[in-house]
Amino acid sequence: MSKKVNSSVGAALHKVIMVGSGGVGKSALTLQFMYDEFVEDYEPTKADSYRKKVVLDGEEVQIDILDTAGQEDYAAIRDNYFRSGEGFLCVFSITDDESFQATQEFREQILRVKNDENIPFLLVGNKCDLNDKRKVPLSECQLRAQQWGGVPYVETSAKTRENVDKVFFDLMREIRSRKTEDSSKSSSRTKDKSKRRKLKCTLL
Amino acid sequence: MAPPPLVTGISPKEGPPGTKITIRGENLGVKANDLIGVQICGGDCSFEWQSRNKIIARTGINGTKGKGDVIVTSLSGGAGTSTVQFRTYTEMIGPLKESAVWVEESPVQSLAWGRRTMAPSGYSQEDPLGLSIEGNEKKFPDDLREIFPEHSGDLSRENFSPCWFLLENHHATSFDDLKAGYSFLKRKVEGQKEGQLSFLKTHVSAVIDQLDTLMNLKTKMEIEGEIDLAKRVNNLQGTIEKSIESSHELFDDVLSRREKADKARAALSVLNRYKFLFCLPTNIEKNASKNEFDIIVNDYARAKNLYGKSEIPLIQKVLAEVDEIILEIRRKLHQKIQEMPQGVEQQKRFVKSLINLEIQQVGTIQSEKLKIVDPAWGAIESRARYIEQTFKNTYEEFQERENSMKDNSKRDLNAPPIRVLFCEEITEIATGQFPDLWRLGQSYFTGELRGINEPKPGNFKQIILNAIERFCSYVRAAILPQNQKFQAVASWAFTSSSQLQQFSTWLPTCLRYLRVSYASLIRLDLPGEALDIVLKLIDELRLFCLTTILKRAIDKVKKLHEKETWELTVPEFPGATALPSKLEEILVEVLDEGQQICLMMEVRENPLFDTPNSEGHREVAKIVETILSCFSNVVEELATERSDDEVQHMPKQLIGFPTNSSLLPHSINLTEAKSTISSTITITWEHRLLCCLANSAYCNKTFINSLGNLFVKFGYPIPKLALENSRTIVNNVFSNLLEIYVEHKSDPLVSTIEPSMYIVSHFKWNRVEKFDNLSPYTHECLDNVVSVYSEIFAVSPFLLRPILEQIIQTIAEELARLMSCVEEFNVIGKKQATLDIRMIRDVLRVYSNERAKASFNEALESIPKLANDENREVENLLAIIKQQMKLQLMCLTVLNP
Ligand SMILES: Nc1nc2c(ncn2[C@@H]2O[C@H](COP(=O)(O)OP(=O)(O)O)[C@@H](O)[C@H]2O)c(=O)[nH]1
Ligand SMILES: [Mg+2]
Chain A
1 MSKKVNSSVG
11 AALHKVIMVG
21 SGGVGKSALT
31 LQFMYDEFVE
41 DYEPTKADSY
51 RKKVVLDGEE
61 VQIDILDTAG
71 QEDYAAIRDN
81 YFRSGEGFLC
91 VFSITDDESF
101 QATQEFREQI
111 LRVKNDENIP
121 FLLVGNKCDL
131 NDKRKVPLSE
141 CQLRAQQWGG
151 VPYVETSAKT
161 RENVDKVFFD
171 LMREIRSRKT
181 EDSSKSSSRT
191 KDKSKRRKLK
201 CTLL
Chain B
1 MAPPPLVTGI
11 SPKEGPPGTK
21 ITIRGENLGV
31 KANDLIGVQI
41 CGGDCSFEWQ
51 SRNKIIARTG
61 INGTKGKGDV
71 IVTSLSGGAG
81 TSTVQFRTYT
91 EMIGPLKESA
101 VWVEESPVQS
111 LAWGRRTMAP
121 SGYSQEDPLG
131 LSIEGNEKKF
141 PDDLREIFPE
151 HSGDLSRENF
161 SPCWFLLENH
171 HATSFDDLKA
181 GYSFLKRKVE
191 GQKEGQLSFL
201 KTHVSAVIDQ
211 LDTLMNLKTK
221 MEIEGEIDLA
231 KRVNNLQGTI
241 EKSIESSHEL
251 FDDVLSRREK
261 ADKARAALSV
271 LNRYKFLFCL
281 PTNIEKNASK
291 NEFDIIVNDY
301 ARAKNLYGKS
311 EIPLIQKVLA
321 EVDEIILEIR
331 RKLHQKIQEM
341 PQGVEQQKRF
351 VKSLINLEIQ
361 QVGTIQSEKL
371 KIVDPAWGAI
381 ESRARYIEQT
391 FKNTYEEFQE
401 RENSMKDNSK
411 RDLNAPPIRV
421 LFCEEITEIA
431 TGQFPDLWRL
441 GQSYFTGELR
451 GINEPKPGNF
461 KQIILNAIER
471 FCSYVRAAIL
481 PQNQKFQAVA
491 SWAFTSSSQL
501 QQFSTWLPTC
511 LRYLRVSYAS
521 LIRLDLPGEA
531 LDIVLKLIDE
541 LRLFCLTTIL
551 KRAIDKVKKL
561 HEKETWELTV
571 PEFPGATALP
581 SKLEEILVEV
591 LDEGQQICLM
601 MEVRENPLFD
611 TPNSEGHREV
621 AKIVETILSC
631 FSNVVEELAT
641 ERSDDEVQHM
651 PKQLIGFPTN
661 SSLLPHSINL
671 TEAKSTISST
681 ITITWEHRLL
691 CCLANSAYCN
701 KTFINSLGNL
711 FVKFGYPIPK
721 LALENSRTIV
731 NNVFSNLLEI
741 YVEHKSDPLV
751 STIEPSMYIV
761 SHFKWNRVEK
771 FDNLSPYTHE
781 CLDNVVSVYS
791 EIFAVSPFLL
801 RPILEQIIQT
811 IAEELARLMS
821 CVEEFNVIGK
831 KQATLDIRMI
841 RDVLRVYSNE
851 RAKASFNEAL
861 ESIPKLANDE
871 NREVENLLAI
881 IKQQMKLQLM
891 CLTVLNP
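Just so you know, the protein sequences line up as chains A and B, in that order.
Start counting the first sequence at 1; every next residue gets the next number (full-length UniProt numbering).
Start counting the second sequence at 1; every next residue gets the next number (full-length UniProt numbering).
Calculated directly from the structure, the hints in this document are not laboratory data.
Please note that a few of the clues may not be correct.
Capping the alpha-carbon separation at 27 angstroms, the derived lysine-lysine pairs in DSSO-like fashion look like this [stated by the list, open to error]:
| id | chain 1 | residue 1 | chain 2 | residue 2 |
| --- | --- | --- | --- | --- |
| 1 | A | Lys114 | A | Lys46 |
| 2 | B | Lys65 | A | Lys15 |
| 3 | B | Lys31 | A | Lys52 |
| 4 | B | Lys67 | A | Lys114 |
| 5 | B | Lys65 | A | Lys52 |
| 6 | A | Lys52 | B | Lys332 |
| 7 | A | Lys15 | B | Lys20 |
| 8 | A | Lys46 | B | Lys218 |
Short, incomplete list of chain B residues facing chain A, as computed with Cβ under 10 angstroms [unchecked claim]:
| id | residue |
| --- | --- |
| 9 | Asn53 |
| 10 | Thr83 |
| 11 | Phe798 |
No residue lacks a Cβ here, since even glycine has one placed at the ideal position from N, Cα and C.
The shape of chain B in the complex, shown without the other chains (with noise of 0.2 angstroms):
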């Protein structure tokens, strides 16, 4: 529990019932609700909780008069206590006494309420003994009381008492203060003595004249004798009654002119007491023309207060005709809550005020006019309607400008589209409004705006829930392409494929205005489900820009071959060119900024990947596997596309070495590469086929799966399918280009065997005459085989035995099918024929597969048996031979190049 409330400051500290107090101290409530009462004097408050250390209170009508404590109580602290007291007095209002209040007549009413409040009266009484009365406020016997019944020590009164006077206010004077007070009351009384003369001294004049009047009628009299006296006394008796009658006459008018005017005072003075209620009317209109609807409330209320039970007639109707104005400025307060757009204070002002009214109102006859169920929930309503309307204006206001737009295509390119317009401008709405519809609900909620009727059963977050959905609806339709999933509120299909290329760079942006709206929906607190409306979305529209941004790379990649330069900078890979580390690039950049915008979470977002095989995963996979098969396409299109003077050119080059086998060295420094390429020298077909096969085949051994750890760099799940998939791909591209080049270079090879074997010299099997070397065919055959070696070795040792391998097996098939053709050997054609295969056979071992040596066997078992002698000088012949071309044909025979 925390430390009790302590008053230790009061500002006033005292005043009449009514005196709003500022009360300072410490542990007033932690917050506005924790404070529960504020008792000052015994009596209740009314109370603004401001701080902890300060409320403000306006002190009640039933607490005791004196001095009493500020008692404090908060929930979390319990009662308090204060070190300061704060003292109630009464305020009679005497008949001098101006008032801002009406008091009734009859029993004089001792609450004083009003605006004002004023100077203790009890100071202004002076003690008659001119003494101050501090220090007497201490109490003394009760039983003194009772000695003296029924007395009083006030001095205006009847029953006045000079002894219990003395008791009452002086029984702590000192004697000598008594005293002095004696002497000087003494004075006082001679000073008015006093006046009764100096009353004569300012007569004097007129006291002189009467005395002149009364001494000339005495010598009239005593010289005129006694003659006529009766007549003069006559006639001095009809003067006087004259006089007196004209008197009267005189008399009367000035009352009756006395009476009008009290007549006319009375009327002006009621008029004034009442001034404020006749002018209420008035008064009311020139408020609400001002908007002013706290002011009419409270004059409304003081109004009711103050003449609500009065029976008087006039009052009654003036009454009444300001109930029938509350009436219509309820009417039009309703209006104005519902009007829009507006603030949601002034919205609030409005509903309070209203239900203010309708709350006093109660039991008039014009209160059961107007029935306004729930203003608040009606506020709400309106605000909600609002909201959407304004997303849907909005909407169709862009809808519009951007049909208009495509009139004329003079549109700057670099402008944002419309549709990232609309995005931004929907986005600030949402961001504007929605706080002001929330906090409008919660003020509902926490019963601020709860009028007299029960809470609306409306369903509140059904409405946030709605608004929330059409704001992302709109967005949707904007900028996701049409998904079938969502029943669409509204569609906005781009017109063409350019539009959507044009606006696709621009997702980015929106996915950023729709961030920022989303942040501050957060921050509101809104409930979780209205959250994840948007956060879906958000989550679409991230997986939507990657993969843009992914597909973005399909194009880039579409273009590579304009990229090849042909150079062999793979050093684990010789003959593989730079143009995969070309496509690691650009999947580098795609994958970069995909991380950065999309994969990226801010707060309240959920991992694009993180379940697997979710729509991110098979939507990145597919994309990488396009890429990946635009790749290979790529490669393969690069192999086989040859100028036509090349398809000439291409047959003889196969008699005799290749042309330039030093043409591209394994290390090119680039530069130099560059120049040689741009200037002189062009790059010969099958050396471009070649490092396609070499590529392709790289990809599939190593790039592809190293590709693999790219994803992991930079967050995205390895696409394993995807990625296996391509490698198939590549490896029919690899089969494909090998099929090529074999039959490009086995073809023209093995078809020169059997001519050279015969055509050339009329050669016949079974007239052969010496036997001393190897036939021509054999040098040739073997020859050749070292020159596609060679070509192949130049750029890629790996090829060399997928490609030799066909190539020999072809070649052995050949001469399988030569030999079993041959009708008749002699016996130097049997030695010769079986030398030749025989060299062929052994220098071609290491790259004959199983089907060559098949076939080479089958050759040999074509020619028919040796005798021994003749074997032995087969074998002889071959060892020397072999020996001779010991250096030429040594490459064939290194296992690993």
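Chain A with its partners taken away, still in its complex shape (with noise of 0.2 angstroms):
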């Protein structure tokens, strides 16, 4: 192991999980956020690793990102890769309603896998530079984050940075308080009813 790794041991480690449709800029927002550059080409990703780490309300921490694959050919495996999310971006372009409609099924995996309503969640508008080939009404997308038990809705573009820093900096302190709620509860009950919740699933 590098040193690197051993050295940042003490820093807290947020896992963030990019999920959406292809093509809606997942990878370009990981990109935008990591490295301050915009990708123009689209090349599907299948799943992509990133680490670094940020300062959070003054905390060093470490932020780690999975860019997942949005294509359906990869459904089967998104499961394994979502069980190790920690909170998750859920994202879909204003520009394309088909996406928009995906969001529902991602967020009903993330439930199933998660087993958890109140798994750390952001929906994710994002190209909003593009906003005058918008087809997704404001409106439709605030109604769903409602839907959703009231997870926060913001739109972003990965082109002009928009609320880039945003979305994962209000990520990771759901992530916080979520963990330091955890850490004060008693945690076995929740697990054991995870996996048995898991199974059924399995099973359906």
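If you follow the hints, you should be able to join the two separate chains into one complex; please do so.
Written as structure tokens, this is what we have:
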């Protein structure tokens, strides 16, 4: 193991997973957040891993981003990836209604795998720089976020960097507060529950 | 040392060996060759540096399986660290899995080597208990393994052990979960049992049929009893045997058909598997015709990799065919490399493809058939040849064009001459082509284009030098005068002076073209030696351009006499006209233009006059001298030209007061002057002569020296010697003109003395009767001197002394001569002569030089000596006369008028 990882053992690690249909800008958001760069060309992702140190409200933490594939053919392996996530950015493109419809499915899959209604989760409407090509009305997005138990809804642009930092930091804050909550409770019960829940799902 | 590389992102994060990975992070090498290594899971990778934040790598085959760090090593930062990990997994190629790669049948290879990456297979295996094994990756003590030696957790193995399976996969699963798993398993088994029953259910009608047949048989046999039983049995046996036979037949038929089908299928699958190889020859040719040599290189490499070691004869045969085609391709590439014109990038691609194919073909028979030593060098050479040829062609083409132009003289005189167009064209070619050649050379020397063979020890620098030399000599031939110093590669002489004349105004344009091209060469970072060749040409051209500009002044100066207005406009030197300032204007104009175009240095140029006595100095001095001597000529010409009228009218004028002394007051308003000159009053020749005298005196005294400042102002060296020489010339002009004027004035003046002494009143010195006034000749002489004085004074008091001294000297000499010729004086004559001579001597004293004084004395000595009282008498009268004529003669007594 490298020195770097050892030295950052102390810093809390928050695992974020990017989900959403292909082409909505998950990778673009990730790369913009990680490296301040905007990638114009579209290259489908399989599963990319990023990790760096950031300062969250004055405290040094590590963010681990798993950028996943939106494509259907990878749906089977998504379960596995989702399990390791502590928080989710569920991304769609405001210029593509289909991608918005797909968020419903992603949300369900996450809840099924994590078996936790309150899992840190942000609904992200990306490509807001292309507002003139908007296909999904803002009200509809907000309504859906409301229906999902009031998850935050944020519009971003990986191109202009608008709200990019915000979504990642907001999510990390939620993850952090969830962790402190969890550690104060006894965790064994919830864990057992989640396993059973998962089992049922496999049978269905 | 720079900070060590840090990898913070990989895309994708897992894959089989050979996966292409985009690595991102910080300090991943400052440039391509700073990055020296990428290790993933402990195995070396091939990599391509993109930026200090991005690398593209491909995992190798020697890394360990499982998760591992991504370590980037750079020269500047050393070995780095990573915050993310890559997971290598092996992809099993099962019978059901489609693979782009042929896998040898006997020992199943584990390495997948292909264009596609596939979903990890590990996830497709389901846990028999229906549980996730997530969270069970943690290690458990190795000694547990020893309790179950040779047991396996793999369901498909013979030595499968449930205990070990649970330990291996579910040592961390909670008991509740296990219980749930158990019931899941049970349900599954039950489900399978149910399956048998349902089989019966689905085939219920067949079962009923069979039952019915059995029942029928039973009743029939009961009815017919034992009769013919044996016969029936026999029959039955026969029928059964027959049916067995026919069933065998049927079966065999089906079998053989199946066998055929299998064979066909096998053949098809082989064909399919080897499709790539079998199609390769046609594909290569197709790609070759589309110039897609990269694809050929890739495909060839793939074929070599996959089948190169195969011993199957068919494959070997196809490979040999492919090799033969590749050989052809290499030939073709070699040709294409040398084809011109083409872009460098394309040429480089061809070279790289050729080298690649060559390397891959090493070891085959075909490889021996074609040896291309260093194709990149060939590319350089052919490019250099092409450049030189282009220069030559362009040169000849334009020469031809100029020749054909000659016949029709209707050419627009304002259009640029062919040579200028040529200059534009060839400099553009140079600007466009040299960078390509240079870049190609650079790529060659960085090793980018190096093949199997050692680089040819050719002298690339010499090639560049030659090409530039060639370029310069064509430009030189076209625009510079032939020069013996350079052995001319080409000569393109001007056929007429008017052609040269017309061309020379375009020199600055040519200079600009050349400078643009020079600047682009400088940007290339060529060796100084190469740049110096162009620099030399530019310096020459600058100097040539400068001399042509300056020479233009000569022509203008030659026409200056048309510009003379005879206005006396030089306040500090009365008598001098505007002519010198006109010369100055011309000089300012050409010096300024010369400075703008030629003296000002652009990037990487030298000052034209850096070393004293350089060619530049000499040229400029020569021209300056010519300009000034032309100017002197103009002055002289202006002084000496006079119309016939003036010649006739001239001598009379001497007598009495000059016509119009106030003709040209010293400060004239310009417009007034012009109108005066052009309309009524013509200026006398004497007047013009005096002006010219004044001009040359002014030039000698101040003007020429002041020109030196002009040169300083415009950044030229002062042509001291030239100015000095010009002063001498101007001085000569002055003396010549002075002589003309003096002769012109003194001849009539002096020659009238004798006649007016004797002829007028039949005068004899020994018969003088009255002594009360000056003799008439004395009066006349003095009057004449005063009139000359006033003529000169009206133009330029500076000229009084030089002119009057000469005239008075001749007067004195004439008087001496006349006195010495007198044979006899009477007493009164003695007194009268003394009075006259002394009067003249005294009045003219200020302007008498030594010789004049001596002559006056000589004249007095020729007169017999006076007695004291006689002398007193003379002096008294002299004083009285002087007093009387005081006003008239006062001018002659002023020392510095
Ligand atoms: N205009 C605009 N284009 C975007 C934005 N985000 C991503 N894209 C583009 O959308 C395409 C798909 O992006 P990508 O990040 O690869 O999508 P992913 O499949 O969700 O990872 C790329 O061509 C991006 O350049 C955005 O905010 N604005
Ligand atoms: Mg992506």
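Verification of the supplied hints:
1. A:Lys114 / A:Lys46: Roughly 21 angstroms separates the two Cα atoms, so the pair holds.
2. B:Lys65 / A:Lys15: 24 angstroms, holds
3. B:Lys31 / A:Lys52: Since the Cα atoms of B:Lys31 and A:Lys52 sit roughly 23 angstroms apart, the hinted pair holds (cutoff 27 angstroms).
4. B:Lys67 / A:Lys114: 24 angstroms, holds
5. B:Lys65 / A:Lys52: 25 angstroms, holds
6. A:Lys52 / B:Lys332: 52 angstroms, violated
7. A:Lys15 / B:Lys20: Status holds; Cα separation ~25 angstroms.
8. A:Lys46 / B:Lys218: Violated. A:Lys46 to B:Lys218 sits at ~70 angstroms, over the 27 angstroms cutoff.
9. Asn53: Holds. Min distance 6 angstroms.
10. Thr83: 4 angstroms, holds
11. Phe798: 85 angstroms, violated
Against the hints set out earlier in the document, violations occur for numbers 6, 8, 11.
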